[in-house]
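Protein chains: 2
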Amino acid sequence: MRAALKEAEKARKIDEVPVGCVIVYNDKIIARGHNLKEKKKQAILHAEIVAIQKACKKLDTWCLDECDIYVTLEPCMMCTGSIILSRFRNLYYGTPDPKGGCTDSLIQIKQIKGLNHHPNVHSGILQQECSEILTSFFREKRKKPKKDKSQFKVNL
Amino acid sequence: MRAALKEAEKARKIDEVPVGCVIVYNDKIIARGHNLKEKKKQAILHAEIVAIQKACKKLDTWCLDECDIYVTLEPCMMCTGSIILSRFRNLYYGTPDPKGGCTDSLIQIKQIKGLNHHPNVHSGILQQECSEILTSFFREKRKKPKKDKSQFKVNL
Numbered sequence: 000m001r002a003a004l005k006e007a008e009k010a011r012k013i014d015e016v017p018v019g020c021v022i023v024y025n026d027k028i029i030a031r032g033h034n035l036k037e038k039k040k041q042a043i044l045h046a047e048i049v050a051i052q053k054a055c056k057k058l059d060t061w062c063l064d065e066c067d068i069y070v071t072l073e074p075c076m077m078c079t080g081s082i083i084l085s086r087f088r089n090l091y092y093g094t095p096d097p098k099g100g101c102t103d104s105l106i107q108i109k110q111i112k113g114l115n116h117h118p119n120v121h122s123g124i125l126q127q128e129c130s131e132i133l134t135s136f137f138r139e140k141r142k143k144p145k146k147d148k149s150q151f152k153v154n155l
Numbered sequence: 000m001r002a003a004l005k006e007a008e009k010a011r012k013i014d015e016v017p018v019g020c021v022i023v024y025n026d027k028i029i030a031r032g033h034n035l036k037e038k039k040k041q042a043i044l045h046a047e048i049v050a051i052q053k054a055c056k057k058l059d060t061w062c063l064d065e066c067d068i069y070v071t072l073e074p075c076m077m078c079t080g081s082i083i084l085s086r087f088r089n090l091y092y093g094t095p096d097p098k099g100g101c102t103d104s105l106i107q108i109k110q111i112k113g114l115n116h117h118p119n120v121h122s123g124i125l126q127q128e129c130s131e132i133l134t135s136f137f138r139e140k141r142k143k144p145k146k147d148k149s150q151f152k153v154n155l
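Protein sequences, first through last, are from chains A and B. Residues in the first sequence are numbered from 0 upward in steps of one, following numbering that gives the first Met the number 0. Residues in the second sequence are numbered from 0 upward in steps of one, following numbering that gives the first Met the number 0.
None of these hints come from the bench; they were simulated from the model. There could be a bad hint or two in this list.
The list treats identical chains as interchangeable, and a pair is accepted whether it falls inside one copy or across any two copies.
Within a straight-line C-alpha distance of at most 20 angstroms, the following computed EDC-like cross-link-like pairs (lysine to aspartate or glutamate) qualify [claimed, not checked]:
1. Lys38 / Asp59
2. Lys27 / Glu128
3. Lys40 / Asp26
4. Lys38 / Asp64
5. Lys39 / Asp59
6. Lys57 / Glu37
7. Lys53 / Glu65
8. Lys40 / Glu65
9. Lys40 / Asp64
10. Lys140 / Glu65
11. Lys57 / Asp67
12. Lys40 / Asp59
13. Lys56 / Glu37
14. Lys40 / Asp67
15. Lys40 / Glu131
16. Lys39 / Asp64
17. Lys142 / Glu131
Here the structure is a predicted model, which is why all the values come from computation and not from measurement.
Can you build the whole structure from these sequences, using the hints too?
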C-alpha cells in the first residue's frame with residue numbers, strides 16, 4: 000500500500016484526485032497506476048483501470064487470478080466490476096468511499112449472489128494516510144477560486 | 000441498435016462473445032465498439048469501454064453528458080459504472096443479462112441513491128435480435144470440443 004500511496008502522490012502532483020494502485024504477482028509489483036481522468040480526458044482512467052491494463056499486458060492474459068490489487072481508495076462501481084472481471088484473488092484498499100465506493104459502501108459485493116467471482120476484500124490498510132492525501136487535496140481545492148475547482152464539483 | 004448489432008457481429012466473427020455498442024452525439028454515431036476481451040487479452044475491453052474510449056478522444060472530453068449509448072446486452076457492473084462516470088444522458092440496451100447485468104438484473108442502479116449520476120435507462124430495444132446473436136454463439140460453442148470452449152466457461 001506504500002507503493003500505491005506513492006502512485007496517489009503522482010496523481011496529486013498533476014492535479015488529479017490522488018488515488019493510486021499497484022498489482023502484485025508472486026510477491027512482486029508488476030503494475031502501477033494513478034488516476035489520469037483529467038489529463039487523458041477519459042472518465043474511465045481510474046488508477047485501477049490503468050494498472051489492470053498494464054498487468055494484463057505484462058502477464059499476457061486477461062485472467063489475473065494469481066494477482067492481488069492494492070488501491071488507496073475503495074473502488075467505484077466500474078473499478079469493482081473490473082476487479083471481479085479480471086478475477087483478482089485479493090483486493091486490499093485503504094480508505095472507504097461513502098459517496099462512490101461500490102465494494103462495501105453504496106453496494107456490498109459480498110451480498111450479490113449472482114456474481115461469478117468474489118475477490119477476498121481487505122479494507123482499512125494504511126487508512127489514515129490514504130484518507131489524508133485525499134482530504135488535503137480537496138482542502139487545497141476549496142481554497143482556490145471557483146473557476147479552478149469546477150471540475151472537481153462532482154465525485155471522482 | 001442496428002449499428003450496435005453490426006458491431007456484435009464483428010465480435011462473433013473473431014470468436015468473441017458477440018456484444019456491440021455505439022455512441023450517438025447530435026444524432027450521429029461518433030464511436031463504435033465490440034467485445035475484444037480475448038483478442039486483446041484484457042477483461043476490461045467490453046464493447047462499451049472500447050466505444051467510450053473512442054468517444055472521449057473524438058469529443059476531447061471525459062464528460063459525455065450530451066451523448067446516448069446503445070449496447071446489445073445489459074451492461075455488467077464495470078460497464079454500468081463507466082456509463083455513470085462518463086455521464087451518459089441515455090442508455091439503451093437490447094437484451095437483459097440475468098447472470099451479469101448490473102443495470103437492472105443483479106443490481107438495480109435506480110435503487111442506489113448515493114450515485115452522483117443516473118442515466119435514463121431504456122431496455123428491450125431489438126431484444127430478440129440482440130438475444131439471438133448471443134444464443135446462437137453459445138449454441139455453436141457447445142457443439143465444439145471441450146478444449147475449444149474452455150475459455151467461455153465463465154461469464155463474459
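Evaluation of the provided hints:
1. Lys38 / Asp59: between (27 angstroms within a copy, 11 angstroms between copies)
2. Lys27 / Glu128: neither (22 angstroms within a copy, 46 angstroms between copies)
3. Lys40 / Asp26: This pair counts as neither: shortest intra-copy Cα distance 33 angstroms, inter-copy 23 angstroms.
4. Lys38 / Asp64: For Lys38 and Asp64, only the inter-copy Cα distance (19 angstroms) is at most 20 angstroms; the intra-copy one is 30 angstroms.
5. Lys39 / Asp59: between (24 angstroms within a copy, 9 angstroms between copies)
6. Lys57 / Glu37: between (25 angstroms within a copy, 15 angstroms between copies)
7. Lys53 / Glu65: within (15 angstroms within a copy, 31 angstroms between copies)
8. Lys40 / Glu65: between (31 angstroms within a copy, 16 angstroms between copies)
9. Lys40 / Asp64: Answer is between; shortest inter-copy Cα gap is 14 angstroms, intra-copy 30 angstroms.
10. Lys140 / Glu65: Answer is neither: 39 angstroms inside a copy and 27 angstroms across each miss the 20 angstroms cutoff.
11. Lys57 / Asp67: within (15 angstroms within a copy, 34 angstroms between copies)
12. Lys40 / Asp59: The answer is between: 7 angstroms across copies meets 20 angstroms, while 27 angstroms in one copy does not.
13. Lys56 / Glu37: between (24 angstroms within a copy, 12 angstroms between copies)
14. Lys40 / Asp67: Between copies only: 18 angstroms across, 28 angstroms inside.
15. Lys40 / Glu131: neither (26 angstroms within a copy, 36 angstroms between copies)
16. Lys39 / Asp64: between (29 angstroms within a copy, 17 angstroms between copies)
17. Lys142 / Glu131: within (17 angstroms within a copy, 56 angstroms between copies)
In this structure, the earlier hints numbered 2, 3, 10 and 15 are contradicted, and the remaining ones agree with it.
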